[in-house]
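Colleague: Given next are the chains, with one letter for each unit.
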Amino acid sequence: MRIGLFVPCYIDAFFPEVGIATLELLERFGHEVVYPRDQTCCGQPMANSGFNAECAATEALFVRNFSGFDYVVAPSGSCVHHVRDNFDAIEQTPKVAEVRKRTYEIVEFLHDIEKVEALPWARFPHRVGLHNSCGTLRRLRHAKASELHEPFFSKPLDLLSKVADIEFVTPARPDECCGFGGTFSVFEEVVSTKMGYDKVSDHASAGAEYIVSADTSCLMHQKGCAERIGVQMKFIHIAQILNGASS
Amino acid sequence: MSNPIGQAGDRHAMLHPELHAEHDSDAIIRNGQRLDHAEGASRPLHSRPEKQPRGAKIHGRRPVDQAEAAARFIAAPEHEKMHDERLWDLRQKRDREMHGIPEWEELRSLASAIKEHTLTRLDEYLEEFESNARSNGITVHWARDAAEHNRIVHGILNGHGAKSLIKSKSMLTEECGFRAYMASVGIEVIETDLGERIQQLDNEDPSHVVVPAVHKLRTDVAEVFSGTLGTDPGNSDVHYLAEAQRQATRPLILAADAGMTGCNFAVAETGTFVVCTNEGNADLSANVPRLHIASIGIEKIIPRLEHLGVFVRLLSRSALGSPMTQYASHFRGPRAGGEMHVVLVDNGRSERLGLEQFWTSLKCIRCGACMNTCPVYRRSGGLSYGATYSGPIGLIIDPTFNARKYSNLPFASSLNGSCSNVCPVKINIHEQIYAWRRELVKRHEVPLVKKAAMKAAGELLSRPAAYRAAIAAADAALAHLPRFVIYNGLNAWGKHREVPHPPEQTFHSWYQANRGGKS
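Chains H and Y are the protein sequences, given in the same order. So the first sequence is numbered by our numbering: it starts at 1 and just counts up by one. So the second sequence is numbered by our numbering: it starts at 1 and just counts up by one.
Be aware that one or more of the hints could be misleading.
Stated by the list, open to error - Quick look at which bits of chain H chain Y covers, simulated, 3 or more residues with Cβ under 8 Å:
no., segment
1, 190-198
2, 212-225
As the list claims (entries may be wrong) - Within a straight-line C-alpha distance of at most 35 Å, the following computed DSBU-like cross-link-like pairs (lysine-lysine) qualify:
no., chain 1, residue 1, chain 2, residue 2
3, H, Lys101, Y, Lys442
4, H, Lys162, Y, Lys363
5, Y, Lys57, H, Lys101
6, H, Lys144, Y, Lys363
7, H, Lys95, H, Lys144
8, Y, Lys450, H, Lys101
9, H, Lys95, Y, Lys57
10, Y, Lys81, H, Lys155
11, H, Lys95, Y, Lys426
12, Y, Lys93, H, Lys144
13, Y, Lys51, H, Lys95
14, Y, Lys363, H, Lys155
15, H, Lys234, Y, Lys363
16, H, Lys101, Y, Lys455
17, H, Lys144, Y, Lys57
18, Y, Lys93, H, Lys155
19, H, Lys234, Y, Lys450
20, H, Lys95, Y, Lys93
21, Y, Lys455, H, Lys115
22, Y, Lys442, Y, Lys93
23, H, Lys101, Y, Lys426
24, H, Lys234, Y, Lys93
25, Y, Lys363, H, Lys101
Honestly, the hints are just simulated from the structure, not real lab data. In this text, a Cβ means the ideal position worked out from N, Cα and C, and glycines have one as well.
Given only the sequences and the hints, what does the whole structure look like? Please build it.
Modeller: This is the structure we're talking about:
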């Protein structure tokens with residue numbers, strides 16, 4: 001398959017290793033992965049703040065960059081949620097609809113499309129706490145949310161359980177929001193950081209060495225919070241573990 | 001004096017420990033020097049309980065600054081912690097109850113469908129209710145807005161020469177500013193719900209639709225009662241406080257001229273209505289005086305009695321995590337020699353029903369589950385919203401009353417979506433919060449500085465070359481600027497958390513260097 005790799009802006013700028021892991025992981029499964037050079041962002045920061053008209057040009061650029069691929073894959077749940085569910089600042093031509101439909105988050109791509117059965121290269125001998133971001137949990141439906149009465153399922157845990165020597169810990173409030181919330185993190189920074197402090201402390205109490213997530217934005221926020229209050233915690237994107245990172 | 005801390009009556013008890021450390025034999029000495037900062041002399045202050053943080057500052061119709069009030073709530077850690085844990089406990093109890101009902105999700109769908117059906121034929125069901133209620137001997141009034149509601153109730157009370165009114169909790173009467181109005185016309189109102197009574201005595205709005213004083217520590221209640229009921233200010237024992245309130249309020253209840261309740265469900269088919277409480281106080285309000293007035297929002301209608309079971313099974317499980325409220329009282333008509341009045345109140349509901357994106361907010365049964373689960377609400381306190389309705393449901397209802405005044409509220413959310421998942425009538429709350437943000441931008445109710453920032457971001461992110469240059473500059477800045485330049489008051493990210501560490505190279509330049517041949 002020919003896959004367009006979408007590396008969201010903050011991953012490009014601050015967490016290149018997440019983009020690299022996603023690229024290498026997709027290549028391990030034999031796909032042709034292309035990184036369109038003119039990509040920037042999906043438009044979510046503006047749309048999330050209510051400024052839909054202001055993200056039209058960014059959305060149009062996204063469609064120009066990512067048309068014509070079998071799939072577009074990104075290591076970021078919230079960006080994929082925006083593209084799939086809210087990307088309506090521009091005219092909804094068949095081409096736009098096609099890009100939106102073919103855009104996948106890396107975990108759901110591996111789980112639902114690639115149907116990964118084994119990750120023989122992956123070994124992660126650490127205690128990890130899984131952070132399902134709200135975008136992946138309640139919009140992309142990566143896993144059962146604790147509020148709903150339904151059978152248990154978890155796409156990220158299905159994948160992580162194929163990693164050798166990994167050990168899971170469960171915090172007291174597994175799917176409580178960590179407080180990132182896009183522009184919420186700056187417009188309501190006191191509440192946002194308090195939620196972040198509580199989140200990293202909860203994982204620390206559960207004995208996690210690492211917090212692992214499919215959303216780097218949540219991890220960036222949590223890392224900033226942990227460093228500020230002195231909680232010893234490491235953070236890693238799920239694509240890195242699945243790609244064989246050992247620490 | 002060897003240990004002045006905590007001795008009542010001693011003026012030193014009010015001082016921070018380090019201020020009288022020179023008299024304190026326990027003062028910490030290091031390297032022959034007395035430590036002169038708080039950490040060195042750290043010791044809990046027993047002298048005073050933490051002061052209750054107050055709610056949002058209201059400046060007329062100017063936008064309420066929820067973030068400011070939330071920051072003050074968080075700055076009171078005992079209150080914030082208690083509030084978060086208490087409400088999270090309710091959420092967990094709700095989950096346990098949910099797991100005891102295999103058909104839970106089906107019930108939610110059913111409740112949602114019944115409400116949507118009713119709202120699309122609201123006029124018919126309201127008239128059916130009115131006609132059947134009249135047949136039962138109830139006098140039915142219609143109020144277009146809050147002012148008309150208050151005038152109607154005042155008129156009824158005047159007609160009976162009533163000077164005092166006992167009432168049970170009702171968010172509708174909060175919406176109508178009812179207590180303030182009654183005070184202005186010289187009628188004494190006594191709230192019979194304990195939490196609501198605490199709030200009344202403290203001259204503060206309820207902070208939650210079900211547990212109105214949940215933001216208060218018992219020491220706060222002790223302070224309120226000592227000032228209003230004459231209890232011992234140093235005694236915050238819950239039983240002592242509750243009993244003192246009971247002794248003070250019971251005589252007022254027995255002597256009241258009239259009683260008032262709200263309503264949880266009004267049944268069109270029977271012309272009856274149901275009030276759910278845990279304290280039985282609605283029954284006191286309705287049955288002790290001969291005159292009973294019920295204020296009912298027009299969205300409270302359900303078509304048939306058989307639908308009630310769906311809602312009663314959901315209501316208290318969602319609200320408090322108990323299978324049912326202690327009391328679910330059905331009111332059918334006046335008792336012999338008495339009078340029963342119902343005031344059906346619109347107060348913006350018809351207008352809301354016409355809002356394409358927001359009309360389903362009228363399905364709300366005021367259980368408060370969305371508040372209990374909301375991580376922002378739990379850490380902000382209900383009074384930070386400066387509005388009748390707080391928490392997620394408030395974010396989507398309050399702007400319908402005044403889009404300008406409540407223009408900040410839809411931004412007081414991380415859009416995590418837990419609210420929609422717990423809602424027993426399946427209101428898509430987080431999607432409506434998102435839609436309100438768009439709506440407020442359209443109506444120009446968002447600050448210009450935010451608009452300018454978003455416009456600039458939109459332009460930058462749609463021009464790859466300019467964007468590349470900006471990323472490089474940001475990484476370089478974070479790598480080289482001194483800490484005090486990055487962590488200043490202007491950087492909202494960095495006030496309470498660290499900024500990300502810039503990498504050696506961006507993904508873009510890594511790709512260029514390692515996969516340069518491809519594109």
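Colleague: Which earlier hints turn out false for this structure, listed by number in ascending order?
Modeller: 4, 5, 9, 13, 15, 17, 20, 21, 22
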